[in-house]
Each structure stands twice: as structure tokens, then as C-alpha cells.
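Novice: Modelling step: build the complete structure from the supplied sequences, incorporating the hints.
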Amino acid sequence: MKRLGDFLPQLGPPLRDLDTGPLERVAASWGVTFPSDLLEVLTAYGDAVVSGQIRLLGPRTLERAGVYFGPAMLPSLGEELIPELLPVTGGLLLWATTPDGDYLCLRQDGSVWLVSTYDGQNLQWTHTQDEFSDWLHAGLVGEPKYAIFPPWPAARPHALGEVGPHPFGASARA
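Each residue of the sequence shown is one higher than the one before, counting from 1 in the UniProt record's numbering.
Just so you know, these hints were derived from the structure itself, not from any lab.
Don't take every hint at face value.
Unchecked claim - Calculated pairs, SDA-like style, for lysine to any residue (alpha carbon to alpha carbon, straight line, at most 20 Å): (1) Lys145 x Asp102; (2) Lys2 x Pro14; (3) Lys2 x Tyr146.
Specialist: Below you can see the structure in the form of C-alpha cells.
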């Protein structure tokens, strides 16, 4: 499991205070406990876009993401069994999206959360045995087995941009 310090060379200094409370409250309202590495990374870098490619959900967006993105998944998945997203009990935790329509999720397997990805171009799910921080870190450093990641520019840290004030195109309501 990677810790926040392992991400500094790839993502630079955290964008915000490391108060995991808001994400812990979301998890509690859904009846789950998020892994500590997810809490650290999404608290530090959530609600930002990595090199224009990976939109990390965070304290402002994670709670509404399953409700917003879940119905949009239905028409694109065809005949394949469609996993539900949290806050549905037992659902996948959607933690990031890409401009290609990819969904980066975690699924609970006992006490462990493992990465599942939906490839928006090939319309298929991949269920890995990788935990969040190991998978994300490997993808950010450019390990070739993670095809969902684009070829990254050589410069590090990755460019980070904050998502707008209305990340889902919604009104100013919180």
C-alpha cells in the first residue's frame, strides 16, 4: 500500500488540508469504511484533474458521483451485468472518471477494496486484484500494464487542475 508521500513526486504537494473528515462522513452515511490510502489521496488531490486525463473525485464530488454517473452507465453497457454504484448497498465506489468515458472504481472484497475499471471505448469491465494506491501509483508512473492510462508526458509532477465550481454542470446548490 502506498502512502501520501509516495505520490508527491507524481502529483506534487497536496492541493488542500489533509482533513479526511468529510470523506469519512460520506463513507459512514453509506455504511462502509473507505481504505486509509484512498482517504489520504482523495483528500489531498480529489476534485482535481490529473494532466487533463483523470478526474479524481473528492470531498466536493464523491458523495454525488454515484447518483450522477450511475444512470448514465446503463445505456452504454449493453448486455453486460451492470454493477451498481454507491450509495447503493454493496455498490462499487466510483473514485475517478476520464474524458474517454472510463470509470475507475473500487469494489469491496471482504475487508479489502480492489480496483475495477470500466473502459468507455471498449465497453468492458476489468476487475483487478490491486488495491487503490498501488494501482493508481503504478498508472501515474506509466507502468504499461495499465492501458486505461494515456502515455504521460515525461515532466513530473503531473499538471493538476481544480474541477470547476459546478463539477457536474449543476446549479450552485451543494
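Novice: Next step is simple, just say for each hint if it's right about the structure.
Specialist: Against the structure, the hints come out as follows:
no.: 1; hint: Lys145 x Asp102; verdict: holds (16 Å)
no.: 2; hint: Lys2 x Pro14; verdict: holds (15 Å)
no.: 3; hint: Lys2 x Tyr146; verdict: holds (17 Å)
Comparing the model with each earlier hint shows no violations; every hint is respected.
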